[in-house]
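There are 2 protein chains.
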Amino acid sequence: MALVVQKYGGSSVATAERIRRVAERIVETKKQGHDVVVVCSAMGDTTDELLDLAQQVAPSPPAREMDMLLTSGERISNALVAMAIHSLGAEARSFTGSQAGVITTGAHGNAKIIDVTPSRLRSALDEGLVVLVAGFQGVSQDSKDVTTLGRGGSDTTAVALAAALDADVCEIYTDVDGVFTADPRIVPDAQRLDQVSYEEMLELAACGAKVLMLRCVEYARRYNVPVHVRSSYTDKQGTYVYGSMEDIPLEQAILTGVAHDRSEAKVTVVGLPDVPGYAAKIFRAVADAEINIDMVLQNISKIDTGKTDITFTLPKSDGSRAVELLTRHQDEIGFAQVLYDDHIGKVSLVGAGMKSHPGVTATFCEALAEAGVNIDLISTSEIRISVLVRDSELDEAVQALHKAFDLGGDEVAVVHAGTGR
Amino acid sequence: MALVVQKYGGSSVATAERIRRVAERIVETKKQGHDVVVVCSAMGDTTDELLDLAQQVAPSPPAREMDMLLTSGERISNALVAMAIHSLGAEARSFTGSQAGVITTGAHGNAKIIDVTPSRLRSALDEGLVVLVAGFQGVSQDSKDVTTLGRGGSDTTAVALAAALDADVCEIYTDVDGVFTADPRIVPDAQRLDQVSYEEMLELAACGAKVLMLRCVEYARRYNVPVHVRSSYTDKQGTYVYGSMEDIPLEQAILTGVAHDRSEAKVTVVGLPDVPGYAAKIFRAVADAEINIDMVLQNISKIDTGKTDITFTLPKSDGSRAVELLTRHQDEIGFAQVLYDDHIGKVSLVGAGMKSHPGVTATFCEALAEAGVNIDLISTSEIRISVLVRDSELDEAVQALHKAFDLGGDEVAVVHAGTGR
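From first to last, the protein sequence lines are chains A and B. So for the first sequence, the UniProt record's numbering puts the first residue at 1; every next one is plus one. So for the second sequence, the UniProt record's numbering puts the first residue at 1; every next one is plus one.
This is chain A alone, in the form it adopts within the complex:
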């Protein structure tokens, strides 16, 4: 008998019929003798509909009220799932984030979990009940206001509860069969991975793999929560995310997969004096605007001019803000020009075996060269190589790398509609 936390995404509970199917899976797990804690996202498009309502009522709604509004979506889905479980003859009790003891910061819309005090959940479990918790929400420590955790918040809720309750596993039910060596929509023979270490999953998530949000993986790694990514539509075994890459026997640990990301844009600051401190001025200006930058490259200074260029990538959504910002500071910082390019894509190869297998970078570049894909920018970590390419060449790049490192399998990946978050 184990304690299992299960998280179901919005597409898994989008209709009454799907809710009943989810309830059956929960009751099945309960019947196997396990304690079950369930976290559900809001039904399908509920959140979008509420956002739309808010827009109709007020152009820029206050964040506190937005949280009060949006959190009702998870209350609805969790109450409905509890009813469906009840109709199957099992007993369930649903709790709001506040009732479940999910204590957060006061940053409405993007609150961080400070603590989880699940005493009410514990006693409900002791009563033999299935426990449901509204995902994506909590209560602020200081003002006791309702807060939301931001994107992928329900996954984080599930992992945080699993940590607080010392659960044996946190099952994330989504609309894909698990974590793949590449996006099956781009690489048909992409292979499902049986297990991925926290570090590798972090790199994959950071490089655009959407199956798990970065925050959720960070939380799982910090509290050493085994995460099981599975499809809510099939009984395929999915992917286990746990363990450090050190634990993985070297002969297995070669390469994990190829991730890609279309969400970034590239900014190049041209003709910057190649003197210490000038790059810092650039990044300080951007940081003060709370814009996260990803890859950075400083060109070799041109001897004749003593000037240099700095290139960095950032979310497309922040692109125009960043360009305005830098242009405003142009004279003060002293550079010639700002260039902006949002027709780029990032492709990354991730694998713990990288550091112990020389020649990966060489094979990486050769594969792209053979595919006629031009590399714009390279950045690497201990277990990752990322390059910037034309967005129009991104798919070929993913396919070429997947093939070059022989990541393909026989099992053909099934892709379901919807995103589940």
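Since the hints were derived computationally from the structure, they do not count as laboratory data. Among the hints, erroneous ones may be present.
Because identical chains share one entry, a pair is satisfied inside a single copy or across any pair of copies.
As the list claims (entries may be wrong) - Within a straight-line C-alpha distance of at most 30 Å, the following computed BS3-like cross-link-like pairs (lysine-lysine) qualify: (1) Lys144 - Lys31; (2) Lys307 - Lys210; (3) Lys112 - Lys210; (4) Lys355 - Lys403; (5) Lys112 - Lys307; (6) Lys210 - Lys316; (7) Lys144 - Lys112; (8) Lys31 - Lys236; (9) Lys355 - Lys112; (10) Lys210 - Lys236; (11) Lys355 - Lys144; (12) Lys144 - Lys281; (13) Lys316 - Lys281.
Owing to the predicted nature of the structure, the values given are computational and were not obtained by experimental measurement.
Given chain A's structure and the hints, the job is docking chain B onto it.
Structure of chain B alone, referenced to chain A:
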């Protein structure tokens, strides 16, 4: 500067446009220098839609989860109104029933308010904020679960908050211009009443006047909260409900109005031994089934047989249950037959002046006789006369009484669509 509690019904906040209009009225009141506490019902059909969803998911959903589900409707509407107020330049903060300190019994679906501890509301008011509270909901004292107050719950929430905060007035905004001498849909020249005493309003509500729920009036009377019933669509002055009928100068206090009720059915138990204790058996059996009975009549015993008949009215919705119940007990109680009639209507004349003006009953009966309306059953209180008639003759009865007692006015009543609850 006063403390004003305003309650807006579901039809008043049914759309984004109406929500903005409500917000304007709230901000206007705030600008007049008053402290404002607002209670909103769920938007238009939200509650029905949620009920429908629940039905699709489970045939008989547990009451606790039903409350968790339904209360999200008021969270949504209150958060949206807060946003609309914010967009008008005022500051507002919305609270759930639990956050507002509305402590109730644990009777899910029909909880009673035990206590109101509005400390969070007070400090928000002290900050100069408009305070919004989700109506119809509270938190149970023992289990700290989300509860709902049942029909008309938002009105009760508003009055309870007004009492706890010692508000100067509780304004109930609805889709009619106030309390009328009769239903304007039946009596076109029905007059809006400027003021009605608690006792009269209680009788009117008990006799089917839908503008205010009985519970809400009882609460207002108990805590002496002045209630102002107004239209959310006009600026007409509406009706004040406050004061005891003793306070009303006799020469004014004649008759208040005519109420009618189509929701009852009539049960007649025939051939009951005319011996003490038999009637009691009947009503005990019905009471044990938690069925509320209204009017009661015991016929004069027929000397020859020593048998008697007992007739009582009850909600149509409980009719079949009551008949089954009595039939089950027929032998044990010992009566000949149970008759059931749900084609009845109740018409009532209410007025504090009744007791000091003889002949009211006579005029009452003459008026119905002239209208050719047959009286089936009569019951009276100190300030009320109610009779049972054919449902097909109910409208004529209302019109005849309204005319006979000269309750009509010149002001033509405006009836708006929707019910507001």
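Against the structure, the hints come out as follows:
1. Lys144 - Lys31: Between. Shortest inter-copy distance 29 Å satisfies the 30 Å Cα cut-off; intra-copy 37 Å does not.
2. Lys307 - Lys210: Neither: 39 Å inside a copy, 81 Å across copies.
3. Lys112 - Lys210: within (20 Å within a copy, 47 Å between copies)
4. Lys355 - Lys403: within (20 Å within a copy, 97 Å between copies)
5. Lys112 - Lys307: neither (42 Å within a copy, 76 Å between copies)
6. Lys210 - Lys316: Answer is within; shortest intra-copy Cα gap is 17 Å, inter-copy 56 Å.
7. Lys144 - Lys112: both (14 Å within a copy, 25 Å between copies)
8. Lys31 - Lys236: within (20 Å within a copy, 62 Å between copies)
9. Lys355 - Lys112: This pair counts as neither: shortest intra-copy Cα distance 33 Å, inter-copy 67 Å.
10. Lys210 - Lys236: Answer is within: at 19 Å inside a copy they meet the 30 Å cutoff, but 57 Å across does not.
11. Lys355 - Lys144: Classified as neither; 47 Å inside a copy, 54 Å across copies.
12. Lys144 - Lys281: So Lys144 and Lys281 fail the 30 Å test inside a copy (39 Å) and across (53 Å) alike.
13. Lys316 - Lys281: within (21 Å within a copy, 78 Å between copies)
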